[in-house]
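K.L.:
As given, the protein sequences belong to chains A and B, one line each in that order.
Residue numbers for the first sequence follow numbering that gives the first Met the number 0, beginning at 0 and rising by one.
Residue numbers for the second sequence follow numbering that gives the first Met the number 0, beginning at 0 and rising by one.
There are no misleading hints in this set.
Here are the simulated BS3-like pairs of lysine-lysine, each with C-alpha atoms no more than 30 Å apart in a straight line:
(1) B:Lys16 / A:Lys144
(2) A:Lys143 / A:Lys170
(3) A:Lys120 / B:Lys16
(4) A:Lys194 / A:Lys143
(5) A:Lys143 / B:Lys16
(6) B:Lys204 / B:Lys474
(7) A:Lys194 / A:Lys120
(8) B:Lys363 / B:Lys131
(9) A:Lys91 / A:Lys170
(10) A:Lys170 / A:Lys80
(11) A:Lys120 / A:Lys80
(12) B:Lys16 / A:Lys125
Chain A is nowhere near these chain B residues, computed Cβ spacing over 12 Å in every case:
(13) Phe52
(14) Phe81
(15) Trp98
(16) Val112
(17) Asp173
(18) Gly174
(19) Ser211
(20) Ser364
(21) Phe481
(22) Lys587
(23) Asp672
(24) Leu758
Hints are computed from structural coordinates only; laboratory data are not their basis.
The beta carbon of each residue, even a glycine, is placed where N, CA and C say it ideally should be.
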Amino acid sequence: MKVRGGPVAPLIQLRNLEKSFEAGGQKFYVLRRVTLDVQRAEFVTIMGPSGAGKSTLLSILGMLDGAWSGEYFFNEQPVHKLNTKQRNELHKYNIGFVFQSYHLIDTLTVYENLEIPLSYKNIPHKERASLVCDTLDRFNIVAKKDLFPNQLSGGQQQLVGVARAVIQNPKLILADEPTGNLHSAQGEEIMELFKRLNDAGTTIIQVTHSEKNAAYGNRIIQLRDGWVVSQDTSAAAHTSP
Amino acid sequence: MNSVWQDIRFGIRMLAKNQLASLVCIVALALGIGANTVMFSMAEAFLLHPVPFEDADRIVALTDSRPHQGIDINAVAPATYFDWKKEARSFDQLAAYAWREVNLTGDHEPQRVQAFGATANLFATIGVMPEKGRAFLEEEEEPGRDREIILSYGLWTQRYGSDPQIVGKNITVDGKPFEVVGVMAKGFDFPLSAEAWVPLSVDPKDRVDRSSRWFWVLGRLRPGVSLEEASAEMRSISQRQAEAYPETNKGWQLRPMPLREFVTSTLTRQYTLLLLAAVGFVLLIACANVANVQFARVTARSNEFAVRTALGGSAWRVVRLLLTESLLLSLAGAAASLLLAQWGLKVALAHMPPDIAKFVAGWKSIDLDAEAFAFTLAIAVLSGILSGIAPAFLSSRTNLSETLKDGGRAMSSGRARHRLRSTLVVIEVSLALVLLVGAGLLVKGFRGLLNVNEGYSPSTLLTMNLTLPEPRYAKPEVRRAFHGEVLQRLGSAPGVQSVALVSHVPYANGGDLGTELFAIEGREPSERGDLTDAIIQDTTSSYFSLLHIALVDGRLLTDRDGAETPCITVISQSLAKRYFPGENPLGKRIKIGGANSDTPWLSIVGVVKDVHYSWIVKEEVPTIYRPFRQSPPYSTTIVLRTTETPLLHVPVVRRELAAIDPELPLYNIKPQDQVIQESIIGIAYVAVMMATLGIIALVLASVGVFGVMSYAVTERAHEIGVRMSLGAKSNDIVRMVLSRGMLLTGMGLAIGLPIAFLLARALSSLLFGVEATDLDSFVGLPLLLAAVAAAACYLPARRAARLDPLKALRYE
Chain A
0 MKVRGGPVAP LIQLRNLEKS FEAGGQKFYV LRRVTLDVQR AEFVTIMGPS
50 GAGKSTLLSI LGMLDGAWSG EYFFNEQPVH KLNTKQRNEL HKYNIGFVFQ
100 SYHLIDTLTV YENLEIPLSY KNIPHKERAS LVCDTLDRFN IVAKKDLFPN
150 QLSGGQQQLV GVARAVIQNP KLILADEPTG NLHSAQGEEI MELFKRLNDA
200 GTTIIQVTHS EKNAAYGNRI IQLRDGWVVS QDTSAAAHTS P
Chain B
0 MNSVWQDIRF GIRMLAKNQL ASLVCIVALA LGIGANTVMF SMAEAFLLHP
50 VPFEDADRIV ALTDSRPHQG IDINAVAPAT YFDWKKEARS FDQLAAYAWR
100 EVNLTGDHEP QRVQAFGATA NLFATIGVMP EKGRAFLEEE EEPGRDREII
150 LSYGLWTQRY GSDPQIVGKN ITVDGKPFEV VGVMAKGFDF PLSAEAWVPL
200 SVDPKDRVDR SSRWFWVLGR LRPGVSLEEA SAEMRSISQR QAEAYPETNK
250 GWQLRPMPLR EFVTSTLTRQ YTLLLLAAVG FVLLIACANV ANVQFARVTA
300 RSNEFAVRTA LGGSAWRVVR LLLTESLLLS LAGAAASLLL AQWGLKVALA
350 HMPPDIAKFV AGWKSIDLDA EAFAFTLAIA VLSGILSGIA PAFLSSRTNL
400 SETLKDGGRA MSSGRARHRL RSTLVVIEVS LALVLLVGAG LLVKGFRGLL
450 NVNEGYSPST LLTMNLTLPE PRYAKPEVRR AFHGEVLQRL GSAPGVQSVA
500 LVSHVPYANG GDLGTELFAI EGREPSERGD LTDAIIQDTT SSYFSLLHIA
550 LVDGRLLTDR DGAETPCITV ISQSLAKRYF PGENPLGKRI KIGGANSDTP
600 WLSIVGVVKD VHYSWIVKEE VPTIYRPFRQ SPPYSTTIVL RTTETPLLHV
650 PVVRRELAAI DPELPLYNIK PQDQVIQESI IGIAYVAVMM ATLGIIALVL
700 ASVGVFGVMS YAVTERAHEI GVRMSLGAKS NDIVRMVLSR GMLLTGMGLA
750 IGLPIAFLLA RALSSLLFGV EATDLDSFVG LPLLLAAVAA AACYLPARRA
800 ARLDPLKALR YE
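The shape of chain A in the complex, shown without the other chains:
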């Protein structure tokens, strides 16, 4: 069933999304009947206590997790009807990830870490080189291109992580606690970067415990025990139970 929410359909539409697992004969729910829309160019924050299902929801949105039920439309495409290969193609060309622990590949240089997602899209070598150089320049990390991740500070690593996420010009960036391992100044830098990307039209969904980070977004989704308990577009909405 295709759901239309207006003249331009939302980028993401979830309808009764559920995820559960069985243990000891009992069913345990991680997400319960999650229904929400994310508009294009929105900056959405997902918040909630530990174990609420935030990261799980992010994984599902990023098509890293295929074991769920319900409906998920991404850019009007029914993800719930796609097979693994189709989902991989969809997320490869449309979604960028930023992780709390950066998840840079330690044995690749900064240049190579940026190049990796492009090589998986079978982009020719010359074009890849051009895109990587542009991105290094854009993020002011040209001088670091031949360094390995363990030669960079935490902030620099996360910067590279963000650069890697955006190099392919994704429609959506998913960030799981992007500043969790950074000190405040570095964290601020990253959030400002996200803001700029969002202003340029990239849809961003972040998971965070930080109210300060949440304030950068324009909507907060509260999760508790797998349920969406509130969706508030105001910055002050995070204070409601």
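Chain A is already provided as a structure; the job is to place chain B on it using the hints.
P.N.:
Just chain B, lined up with the frame of chain A:
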């Protein structure tokens, strides 16, 4: 293509980052691939290219056989060959050859030479003509017109100094002038060990003989005719002959085979296949080791693979990345293996005595050729895939969201990986056990073959052969007088304790002593025409004491058994048991040849213990001893018991024999222990190779056990910390780790033992002195393997016991 290059670059970087692990893998693969390359080179030479003839597949050997009596290959009778020539339509050419030894005398030292009588068309049939001169003409097959000889290249260079004018010259062969009509090309020695060829001339009487089988027949298939079609035709001809001549042909079956199968002995084939299987096992063990290392690497990099997948890498790209690393390892191993293989082949070729090598078809063509390189490359690719495929596929099945959301912490290995790694170790141990048992049995068999002869101190026996030329020694009394003088002169030579004459010493002729038919008086031939055959030994009475052959019943031969006394014989215990079961053979009569042959009946006067004359068959071969004075032979072996090093007496022996007949060549002059060692050197080679492979397998398997247990300790560090904090002592931890390792070892032994038993049964049917239930092999070797595995487990166990509980509890 660019992404492939990217994978290669990254793979090299990853291997360089983990140098120790990479080195272990490369060494393991080098050993496994190298062993396979060596065996491939040998198998290719022995089984695929034993003869260097063009279109060798079109040349067929036509032999007789009696499968129900264990005779696999036998020559055919002359009359059979001439019938085939008339009737067969499937062959362009049918040729024959026969063994013949000749004496070359005249202008050089007398020399015994291995010659073959050959039909005029033999060379055309195999497609190789003399390099100088010509082949024989058909008319030269006629008796009286057969004084031509073709020399081998080796004989031409060694005896005639590569005389460019040799063709057309006369040389003295067996006291008669023969014209040299041709010289063969360098390296040509067909049939194996041939040094010269003479025309195969046959008397009219022999042309119709159907009972003496001494012709070896080869045929070249007509174009368009397959081996199967030709075999079918020849079998129907053979069937008609069996019906027409039941007395001589009943029970014999035609056995056609491609030439390459004919020239390669059954034993060579069997042992080559055994060694091919053995090196295959070693390669599997090496691949299992590498797979285990790859599993550990994959587990440590699970985070990286999750990130790659999250960034858009498909499962295939991740798998390809890991397979590329495995292939890089195996190609590096293959490069190292070529060096090992070259060295291994050099060692193998250097230690084979030339006197033995010349009888092994294909030995000269063993080489690291283009095919060996291609094989090595193929094996390397296969090994890379084999050792990398399971870790690669498991890596592509990581739970992405679980791996990525845990702050970059690497996943634990998962039960599937753990089970796989344990399974690989179990397989390694079982394969290693099979190899070790095989090696142990072969070594034991080899030692058994040596030991069975120790009873008569072969190191103090000097042996040599001589053959009396027919023209001068045609009369029995002349031969008798010659042998008598030899015994008298040598018996009184300084340093000689005793001397004997005998047809064949034990293990002579490479251990393949032929038998002859004999008949038992009053015994009707069996329904299916079973043969009674035995080794015939014409010997002096001193032979029995020389070889410490004990008397079982009756009496031994004496010096009084001569030309004027009744014809008697002494038989071996095995002959008595086989052909006179439950009876006393003394006083019974037998004769050499058929019951209607004109050889005399021999009364059995004694039974002696068996001598192990032939190692090729497991059971003792029945033997008939005749007094040499009653049947003075042309060919004989002189055996001397000496007081000191046997070879020191050679000049004395030569001098004494030259005093009797200066034109008689002595040949095969060797101490008896050398005869034995050279005869069984093939077994020695196989035993050494199996032992080497067994040791490699043992080392690789124990490295495998060590690796798995070491990794298990690392994985369980947190659990160990918890156990220690709950009161576990060092011994408890050691016991926990050791018991796990020994459980895997025990499972490997339990699987390997039945397979080893099957191998043992196969080997025991082949080898003297090997029993399928050999205790040393089935108890000792598993214990050895278990002990080595225990040592391999002990180090990780000790490391586990020394873990700091606090650190272990914080271990992630």
